[in-house]
Each structure stands twice: as structure tokens, then as C-alpha cells.
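Engineer: Model the full structure from these sequences, guided by the hints.
Take a look at the letters that make up each chain.
There are 2 protein chains.
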Amino acid sequence: MIEGIALDAYGTLYDVYSVERKCEEAYPGSGVNISRLWRQKQLEYSWLRTLMDRYETFWHVTEDALRYTLAELGLAANEGKIEALMASYLELEMYPEVVEALKRFGRRKKAILTNGNLEMIEPLVRRTELDRHLDACLSADETGSFKTRPDVYQLAVDRLGIAKERMLFVSSNGWDVAGAKAFGFTVGWINRRGLPPEELGVRADYTVSNLLELAERVVDA
Amino acid sequence: MIEGIALDAYGTLYDVYSVERKCEEAYPGSGVNISRLWRQKQLEYSWLRTLMDRYETFWHVTEDALRYTLAELGLAANEGKIEALMASYLELEMYPEVVEALKRFGRRKKAILTNGNLEMIEPLVRRTELDRHLDACLSADETGSFKTRPDVYQLAVDRLGIAKERMLFVSSNGWDVAGAKAFGFTVGWINRRGLPPEELGVRADYTVSNLLELAERVVDA
Chain A
0 MIEGIALDAY GTLYDVYSVE RKCEEAYPGS GVNISRLWRQ KQLEYSWLRT
50 LMDRYETFWH VTEDALRYTL AELGLAANEG KIEALMASYL ELEMYPEVVE
100 ALKRFGRRKK AILTNGNLEM IEPLVRRTEL DRHLDACLSA DETGSFKTRP
150 DVYQLAVDRL GIAKERMLFV SSNGWDVAGA KAFGFTVGWI NRRGLPPEEL
200 GVRADYTVSN LLELAERVVD A
Chain B
0 MIEGIALDAY GTLYDVYSVE RKCEEAYPGS GVNISRLWRQ KQLEYSWLRT
50 LMDRYETFWH VTEDALRYTL AELGLAANEG KIEALMASYL ELEMYPEVVE
100 ALKRFGRRKK AILTNGNLEM IEPLVRRTEL DRHLDACLSA DETGSFKTRP
150 DVYQLAVDRL GIAKERMLFV SSNGWDVAGA KAFGFTVGWI NRRGLPPEEL
200 GVRADYTVSN LLELAERVVD A
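Top line first, the protein sequences correspond to chains A and B. Under numbering that gives the first Met the number 0, the letters of the first sequence match residues 0 to 220, in that order. Under numbering that gives the first Met the number 0, the letters of the second sequence match residues 0 to 220, in that order.
One or more hints might be untrue.
What the hints assert, rightly or not - EDC-like mimics (lysine to aspartate or glutamate), calculated; alpha carbons at most 20 angstroms apart, straight line:
#1 B/K109 / B/D219
#2 A/K80 / B/E198
#3 A/K80 / A/E19
#4 A/K163 / B/D52
#5 B/K80 / A/E198
#6 B/K80 / B/E24
#7 B/K163 / A/D52
Quick caveat, the hints were computed from the structure, so don't treat them as lab data.
Structural biologist: Listed below in C-alpha cells is the structure:
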């Protein structure tokens with residue numbers, strides 16, 4: 000039986016590709032390319048810095064990834080534009096079904112478990128009023144490492160006080176799904192982009208196309 | 000003074016994109032897309048498995064990455080084709096300046112330091128007769144982890160018996176350059192594709208366009 004839900008934030012609750020419009024405004028004709036490469040480098044840098052034992056916050060890593068992206072695409076790294084694009088991470092769009100899905104999980108404990116440091120995730124959670132529906136907002140920042148390190152997933156166990164076997168971890172990111180499953184969570188994959196599962200030796204327990212569908216399957220199970 | 004040289008293999012001595020032709024033969028029209036995504040997923044899986052404490056050999060990871068790539072691109076995962084494409088990793092093309100550059104380094108000790116397990120790197124080294132010019136072939140496999148973990152770079156120090164400050168590490172991969180520099184090596188970046196440096200908080204000591212240029216700069220320094 001599932002007693003607690005830990006949810007990834009970026010890509011799962013909030014649409015990281017919603018920055019594309021702001022990228023397009025700042026650099027006409029390059030919005031799609033910027034947002035895709037930016038996201039890819041953000042993740043690469045989080046993995047590489049953890050492996051290198053050179054942790055910096057996710058905000059820092061996200062800005063580094065943006066600077067690299069602009070350089071690779073041959074675009075001028077205007078400081079005003081960088082500030083505006085970074086600010087878009089505080090105003091990401093929330094997926095439409097999130098609140099209804101969280102309600103559907105009922106009185107089970109619910110927490111965000113994100114790579115984002117609290118300074119960047121909390122303003123977003125407040126702005127979208129998601130704090131009303133959550134018991135906690137947990138950041139990998141506390142561990143000085145990023146997913147897929149097991150100590151990040153352990154945070155949810157320790158802070159919610161629920162054994163990992165009775166926790167449902169939810170992510171739209173295939174690599175995060177693999178990390179959480181390897182850790183020992185029951186895992187739901189919100190496969191928003193219709194991708195094949197990552198070949199990392201483990202599989203999600205549930206694969207669905209949105210969060211409400213997952214809530215219905217888990218609650219009715 | 001530089002007393003020893005440790006060289007990355009894939010991308011640095013051997014052209015990983017030389018598999019593109021075989022990908023194109025197996026899947027006409029998709030050669031470029033397969034070879035790019037395959038390389039990206041190969042690296043991602045090496046990083047993620049290390050973070051997850053779920054090490055498998057680089058050969059295993061490379062095949063997993065190929066299977067994912069074919070699935071994402073909607074191509075049939077024919078077992079014969081997979082075997083043929085995997086075999087291409089044993090027949091990668093060596094960059095043309097490699098032997099002359101290694102000679103230019105003179106009597107300094109030289110070793111490959113690669114993510115590849117010995118079963119996949121040694122046949123390639125023998126086939127290209129590079130073993131004549133090397134003192135050792137060291138694999139991350141010994142550590143049960145992949146770059147950019149510091150213990151992988153430490154292998155070269157331990158096995159060549161040369162302090163890291165007196166070692167030159169050489170890679171064409173920006174992320175590997177960053178890992179080696181963070182570890183404490185003197186680092187030469189063979190920037191074969193004219194990319195900007197990775198934004199990981201460290202920079203190469205030398206940036207050159209091929210290995211011979213690096214050898215000349217280091218030997219003449």
C-alpha cells in the first residue's frame with residue numbers, strides 16, 4: 000500500500016519547455032534550439048558535477064548550462080537576456096492536471112523531491128499555489144549532490160518517515176524513473192513525450208501519459 | 000615538467016562518429032541521427048549508472064544505448080544489425096595524426112585511460128598497432144565506475160607512478176577535460192569539433208585542434 004508520494008518538479012509538475020517562448024523572444028528563430036540544448040546541458044552538468052565532487056546549486060548549474068548553450072549556438076551572451084531567461088525558471092507553467100491529481104491521492108503524504116535548490120523551487124511552488132497541496136518541498140541541495148545519487152531519494156524516506164517500499168515516486172524523466180526504481184521506490188513514469196523507457200536495467204511500475212491517470216490507477220489499485 | 004601522458008580513447012584517438020557509415024548501411028537515411036543519439040546516450044548511461052551505483056561495462060552500456068537509440072528513432076532492433084553495429088566499435092577509425100604525435104612526446108610514459116573495458120579497447124589498440132607506442136592501457140572498469148569520478152583519473156597516477164601535477168591528460172571530450180582538470184591533471188583539450196568549453200568551473204591548460212599540435216606545444220614548452 001502506498002502511504003506517501005514524492006514528486007519530481009521540473010518536467011513532471013512544471014513544463015521546462017515553457018521557457019521556449021521566452022527564449023524565442025530573446026533570440027528570434029532560436030527558441031526551440033535554445034530550450035532543448037539548455038535542458039540537456041542542465042542535466043549533464045548536474046550529473047557531471049556530482050561525479051566530480053564539485054557540487055554547485057541547480058540554479059548555478061542552470062545558468063552555466065544557459066551560457067554554454069548560447070555559446071554553442073553562436074548567440075551573444077547579453078547579461079540582461081540571461082537574467083530574463085533565468086527568471087523564467089521562477090515562472091514555469093504548471094501542467095493542467097496537477098492539482099486535481101494531488102487531490103485524488105487523498106490524505107497520503109505528498110512532497111516535491113527536486114534537484115532545484117529551495118531558493119528556486121519555493122517561489123515557483125508559492126506562485127502556482129501548489130504549497131496548499133503538499134506536506135513538504137525537499138531539495139537535493141541538502142545532500143550536496145543531484146539525482147540519480149541514492150542519498151537524494153533517501154531524503155524523502157527520512158523526511159516523510161515512510162519506508163521506500165510504501166512510497167510512490169513520480170517523474171516524467173526516464174533517467175529519474177530509473178534512479179528512483181534502482182533506489183527501491185515504487186515508481187510512476189509520466190511519459191509526457193511518448194519516449195521509450197531508458198535502458199538502465201530497471202522499469203517503472205506504472206507508465207501513464209499524465210499525473211491524473213497515475214493517481215487514478217494507484218488509488219484504485 | 001610533464002613526465003607522463005594519459006590519453007582518452009573514444010573521440011580522442013579513435014573517431015566514434017566513424018560508426019556513422021555502418022549505421023547508414025544498416026538503416027539507410029538514419030546514419031547521422033543514430034550515431035549522434037547513440038553517442039549521447041552512451042555517455043548519459045555511463046554517468047547515470049555510476050551515480051546509481053549500478054555499474055556495468057562500457058560495452059554493455061554501449062549496447063543499451065544503441066537499443067534505446069533505435070527505439071527512440073522508431074527503427075526495428077534487428078539482432079543481426081545490433082551485432083554488426085556493436086562490432087564497429089572494435090574497428091573505429093584512428094585519427095591520422097595519432098602515431099606521429101605519440102612519437103613527438105618522446106620517451107615520456109604514455110597510457111590510454113578509457114571508460115572502455117579491456118575486452119573492447121585492446122582489440123582496437125592491437126588492430127591499429129597503437130600498442131607499439133603505449134606503455135599501458137588502463138580502463139575505468141578496474142574501478143567499477145566511469146569518468147568523471149576522480150578514482151578513474153587516479154588509476155593513471157597509480158599505474159604510471161607519476162604525480163598528477165606531472166601528468167598531461169588528453170581528451171577531445173569537453174566533459175572529460177573538466178573532470179581531469181578538477182582532479183588535478185595538466186590537461187590538453189583536442190577541440191576537434193570547434194565547440195565552446197564546458198561551463199563546469201575549470202578550463203583546459205592547452206586547447207588545440209589536433210593531437211600533433213598539442214605534442215608540439217608541450218614538448219617545446
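Engineer: Please go over all the hints and tell whether each is borne out by the structure.
Structural biologist: Consistency of the hints with the structure:
1. B/K109 / B/D219: Distance of about 18 angstroms is within 20 angstroms: holds.
2. A/K80 / B/E198: holds, 18 angstroms
3. A/K80 / A/E19: Roughly 13 angstroms separates the two Cα atoms, so the pair holds.
4. A/K163 / B/D52: With a Cα-Cα distance of about 17 angstroms, the restraint between A/K163 and B/D52 holds, given a limit of 20 angstroms.
5. B/K80 / A/E198: holds, 18 angstroms
6. B/K80 / B/E24: holds, 10 angstroms
7. B/K163 / A/D52: With Cα atoms ~17 angstroms apart, B/K163 and A/D52 stay inside 20 angstroms; holds.
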